[in-house]
Amino acid sequence: MLLQLLANGLVNGCMIALMALGYALIYNTTRIFHVAHGAAYTAAAYLCYLLLIVFKWPLLLAVVGGVAAAALLGVTMELAVYAPLYRRGASDLISLISSLGLYVALVNLIALLFGNETKVLRPGVEKTCRLLGVILTRIQVAEVVVAAVLLPLLVLFLKRTLWGKIIRGVRDNPVLAEVLGIDLMAVRIAVFAAGSALAGMAACLTALDVGMDPQVGMPVLLTAAVALIVGGVGTFEGPVIGGFLLGLIQSLIVWKISAQWTDVITFGVLIVFLVFRPEGIASRRRRLEESAA
Amino acid sequence: MRRNSWHSIPPVLAILPILLFWGCQRTKPSRSEEPIRIGAILPLTGESARYGQYIREGIDLAVAEINTDHGINGRPLTIIYEDDAAQPRLAASAMTKLAEIDHVPVVIGSWASGCVLAEAPIAEKMKVVVMAIAISPKITAAGDYIFRIQPSATSYINALVPYLVHKVGVRKLAVLYVNNDFGLSQAADIREQFEAQGGTIVFAKGFPSGTADFRTEIAELRKANPDAVFVPAYTEIASFLKQAREMGLSTRFVASVPFENPDILKLAGSAAEGVIYPYHYCSGPANDLDKGFRIEFAKRYGKEPDGFAALAYDAVRIIGSSLKAVGTDPDRIKAALYATHDFPGVTGKTSFDSNGDVIKPIIIKTVVDGQFVDLPSGGGTSAQALGNQQAD
Numbered sequence: 093m094l095l096q097l098l099a100n101g102l103v104n105g106c107m108i109a110l111m112a113l114g115y116a117l118i119y120n121t122t123r124i125f126h127v128a129h130g131a132a133y134t135a136a137a138y139l140c141y142l143l144l145i146v147f148k149w150p151l152l153l154a155v156v157g158g159v160a161a162a163a164l165l166g167v168t169m170e171l172a173v174y175a176p177l178y179r180r181g182a183s184d185l186i187s188l189i190s191s192l193g194l195y196v197a198l199v200n201l202i203a204l205l206f207g208n209e210t211k212v213l214r215p216g217v218e219k220t221c222r223l224l225g226v227i228l229t230r231i232q233v234a235e236v237v238v239a240a241v242l243l244p245l246l247v248l249f250l251k252r253t254l255w256g257k258i259i260r261g262v263r264d265n266p267v268l269a270e271v272l273g274i275d276l277m278a279v280r281i282a283v284f285a286a287g288s289a290l291a292g293m294a295a296c297l298t299a300l301d302v303g304m305d306p307q308v309g310m311p312v313l314l315t316a317a318v319a320l321i322v323g324g325v326g327t328f329e330g331p332v333i334g335g336f337l338l339g340l341i342q343s344l345i346v347w348k349i350s351a352q353w354t355d356v357i358t359f360g361v362l363i364v365f366l367v368f369r370p371e372g373i374a375s376r377r378r379r380l381e382e383s384a385a
Numbered sequence: 011m012r013r014n015s016w017h018s019i020p021p022v023l024a025i026l027p028i029l030l031f032w033g034c035q036r037t038k039p040s041r042s043e044e045p046i047r048i049g050a051i052l053p054l055t056g057e058s059a060r061y062g063q064y065i066r067e068g069i070d071l072a073v074a075e076i077n078t079d080h081g082i083n084g085r086p087l088t089i090i091y092e093d094d095a096a097q098p099r100l101a102a103s104a105m106t107k108l109a110e111i112d113h114v115p116v117v118i119g120s121w122a123s124g125c126v127l128a129e130a131p132i133a134e135k136m137k138v139v140v141m142a143i144a145i146s147p148k149i150t151a152a153g154d155y156i157f158r159i160q161p162s163a164t165s166y167i168n169a170l171v172p173y174l175v176h177k178v179g180v181r182k183l184a185v186l187y188v189n190n191d192f193g194l195s196q197a198a199d200i201r202e203q204f205e206a207q208g209g210t211i212v213f214a215k216g217f218p219s220g221t222a223d224f225r226t227e228i229a230e231l232r233k234a235n236p237d238a239v240f241v242p243a244y245t246e247i248a249s250f251l252k253q254a255r256e257m258g259l260s261t262r263f264v265a266s267v268p269f270e271n272p273d274i275l276k277l278a279g280s281a282a283e284g285v286i287y288p289y290h291y292c293s294g295p296a297n298d299l300d301k302g303f304r305i306e307f308a309k310r311y312g313k314e315p316d317g318f319a320a321l322a323y324d325a326v327r328i329i330g331s332s333l334k335a336v337g338t339d340p341d342r343i344k345a346a347l348y349a350t351h352d353f354p355g356v357t358g359k360t361s362f363d364s365n366g367d368v369i370k371p372i373i374i375k376t377v378v379d380g381q382f383v384d385l386p387s388g389g390g391t392s393a394q395a396l397g398n399q400q401a402d
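Protein chains in written order, with the numbering used here: chain X, 93 to 385; chain L, 11 to 402.
Isolated chain X, as found in the complex:
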């Protein structure tokens, strides 16, 4: 029983971690509270549905299509909205409000096109695997495998490669990075593409597992944002840790109390961290003068 609960929490944690890492890529580098990330998530799930159910594409291609759609949508949002705002020196608040507007517009568009009702990508009973008394469906196993491959690879990529260094450079000081000859706008496009693709991956896998409706994006986005803040803003391993932590906590809440309390306690955790450890679990070591800024 406990093992099953931990396994459920772990699978959910995998998806939150993917979403949170994607969100961290965008937030850490651009400082935009990218609410429309939730819309990219929803759009990916619905494109996957369109390709798989309506056009009868094979499963893998449909997922690739969904992920590509999310990446494309992320880049489009950057080029059409955030980049012009950045060039005009708009404040963070303005980006946030534009992002909220984008989210509302896109989600309502999706609801208009596909309807408001719940959709599932794989009706009927899924084949399951049994291990140590823990029962997981094949889709859940796929979720774990994808996360187990992608998450360490990405964190290492960001830590060890030149591209990772550039992204971290932009994160630390975009103006200085630009002075040093880094094409800031290109980096922004890259992080929007990669971050949104991660959201798309989480969306397609979750949709295959439990289905979706047009409103799924916002709770997932907020959970990812909490995972980032709890894990440590500015880091890339932080959101992954935060994601797993939240996945496990949520599973325990449903067990010990009930599902109605999930949001209350998730955001309760956020408040506890903001008060007692605002830098998050995996805080970066900063120089004194840096943290003062």
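Misleading hints may appear alongside valid ones.
[Claimed, not checked] Just a few of them, taken from the derived set where beta-carbon distance is under 7 Å, the chain L residues facing chain X: (1) N190; (2) D191; (3) L194; (4) A198; (5) S219; (6) T221; (7) A229; (8) E256.
Think of the hints as simulated: they come from the structure by calculation, not from any bench.
Here a beta-carbon is modelled for each residue, glycine too, at the ideal position from N, C-alpha and C.
Please arrange chain L on chain X, whose structure you already have, making use of the hints.
Chain L alone, transformed into the frame defined by chain X:
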């Protein structure tokens, strides 16, 4: 085609003066030919529009049949439709409009319980009879002029519990309810009824509307090991059933009224097989009247009627017969409705109690081979219908 349309002009011209003459005559109808207008407030747009649409189709069919059969003592019956999009605020303004501008004696609807509760005080004040098609137990006490053709949520539980206890042999019941008005009241009703019959509730938890992942609850349910799990919810139950079968939860599954929704069968697939639920409309024709209704409905709309279309059809026929008997005075219609006893309809015999709540048979149903079917209420449980618990 072009030639044909040219040819058809002279006859049209010939008919025109006749039409005009007839039209002029019609402008001052004698009082006995003036249509009787009643209102209908329905969710015709928005998320619940599909229910409003079925209800409207049921109403239109009944009205058409009444009007071909001499109308209401020779006067045609017409319906003024208002859309509330299942929003109480819009239902209240629709009610005000129908009462103050159109002066209708009767309003059918709405479908959403919140909308009915918003209409009720206006209807009471303006003395308009309301015939709701809504489920909330709160409507029972909504007012003297408020009737409803759909049984109260509590009535469904009253029929369900004896079936579970005596026919299926459920002793330990788990309840997993959607955390809103509907789910909470269903959970409270079943607890009261089930414990009164000597059963035990071994698990009761709520979940927020729209939940898609029930695996933690299912792990707990496996440990609690109930004889049956009752899940009063909307389409969320599809995800629950799917995941429960995947995780090998081998109990009976019991649902509530919103379960009879083709979308749920599509979402849950084979996982919906064998779910037991109470409903107000049979899957096969209930009687000769119902047989005719199904044929006419299919002819007119090209589809099967659902349970709400059937209720709406019965509602219009009951109102029509009251109008025929007592005329258009709301107080006299109200009295006639309270006096209605065993009115034969497509959903069975209908009476109203002193609260204006309908008294009608509730049928226990299940899913077999992807179809909603009736369970025999007299004999034992159908082994074919109920034995199919484990998906693999």
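Hint check:
no.	hint	verdict
1	N190	violated (10 Å)
2	D191	violated (14 Å)
3	L194	violated (11 Å)
4	A198	violated (16 Å)
5	S219	violated (10 Å)
6	T221	holds (6 Å)
7	A229	holds (4 Å)
8	E256	holds (5 Å)
Hint compliance for this structure: hints 1, 2, 3, 4 and 5 are not met, and every other hint is.
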